[in-house]
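Position chain G against the provided structure of chain F, taking the given hints into account.
Protein chains in written order, with our numbering: chain F, 1 to 190; chain G, 1001 to 1269.
The set of hints was computed from the structure by calculation and includes no laboratory data.
Quantities reported herein were computed from a predicted structural model and do not represent experimental measurements.
Glycine residues also receive a C-beta, built at the ideal position from the N, C-alpha and C atoms.
Please note that the accuracy of each hint is not assured.
According to the in silico footprint, chain G covers these stretches of chain F (three or more CB under 8 Å from chain G) [to be verified]:
hint, stretch
1, 46–53
2, 115–127
3, 152–160
Where chain G lies over chain F, by a calculated footprint (3+ residues, C-beta under 8 Å) [claimed, not checked]:
hint, stretch
4, 9–17
5, 26–35
6, 163–173
Cβ-to-Cβ under 8 Å is the rule here; a few derived chain F residues that face chain G [unchecked claim]:
hint, residue
7, 20
8, 64
9, 71
10, 134
11, 140
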Amino acid sequence: MTDTHADRKKAWAAFEVEALPHGDRLFRLAMWLERDRQLAEDLVQDTFIQALQSFHRYVPGSNCRAWLVSILHHLRSNRRRAAFRHTETQDVDDYIAETVAFVPAVPQSVTDDDMLAALRAIAEPYQAIILLCDVEDMTYKEIAEALAIPIGTVMSRLHRGRAALRQEISRMTAMAPGEAAPAHQVRRAP
Amino acid sequence: MTDACRDARQLADAFVSGQLLVETAESIVGHLSGCMACRAEFEARRRLRAGLKEAFERSRALAPRPAFTAALEARLAAEAAAPVDGRRPWRQWGSIAAGMVVAVLLGLVVLRWLTPGTLDALAHLAAGDHQFCALTYKLEEEPISLEEAARQFDPAFLALAAVEPAAHDLAGQPLAIIERHACVFGGRRFAHLVVSYKGQAVSILVAADAAADRGPSTVRGLPSAAGFQMASFHGTSHVVFVVSSLPAGDVQAVARLVEVPMTRALAGV
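Next comes chain F alone, as it looks inside the complex (with noise of 0.2 Å):
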């Protein structure tokens, strides 16, 4: 390996190209996961510097984004678990499965702040694979990477994270009886 001035200033041009226009999607899913603007943003130059510094990993031409997600799951989860010795006792899909047997007809019109605030209001777990799966249009395999996971755990996650994103929307937009799911909150994992 060397380190010449020309070496950087290719392997920089490369992340600039490559890397770099996904900072807008990648502070968004950030500020999404941290809820603290200042936390999104160390979160995201972490994940970033890292990148660079592992630029020379990456593969051209495979998913760049889905590469950044991947390092900002992984810096998140140390540091969740560094700062709060965090173990998921209990499977969060054990524990709300019973909870979205019922799949309600979506509304035709939701305003952007109703499906973010369903999207708030279901487990956290089923928040990341939605955003990855339908915001970051991340494929099943890329998401169990990313997150550590298997790939069934992602499908099952998906699957009962979409319903239980329905009941919220079809909660929060009230649509007339007959149409309504029942009004039950899902409960959000410990």
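Structure of chain G alone, referenced to chain F:
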């Protein structure tokens, strides 16, 4: 609901996510063409997915601050331009040592090769300093006076405490110094003069640069950094950056206005 409907709906999530094999997706499309209920259900899922994506991308509350984006880009550019000293494998020390010997032998030639990289990194740090000191006042370390900085860090900064550039450009447009201090951004210390020109803040940032003593100084435009237009010139052992949101021509005009008094001050004349 038929068995075909149940089969199709079991795959609905994967279908709207585009995760199915082509053959499987085609069989679902075939079912949807003849089943109005499933078509409505799939359309609802597609609408939900699209609506969520749009809501997320439009949300102002989730958008990054422009200042953050600019500073991040400046920081990364500086990081990219710096050598990766601490990350070399041990087995490469031999070749590094050999490279250093060659570098010493090549002397000034190699120094000139390295200079553009140093200037690139410095230019990005200067842009970051303009953003976070002149515009948003958000530095990690409080600025100090040029006199204090001259005592502690760089004697040349003392002359900059009194330097007075022309008060107007050739067209009569006023140029006024509104702030002088020494500040640190990205670990680099700058003498910082903030001037007002055409209603905008313009930063004149001076940093020590051992490679700056290389012939007569001329103002030159630099590639924009972190969204700012930049120009530079050099004085005795120092490089001077002029940074602003003004158009490139205006930034270079300011650089030409301050060039002579700044270089004279840095030379101790």
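Which numbered hints does this structure break? 8 and 9
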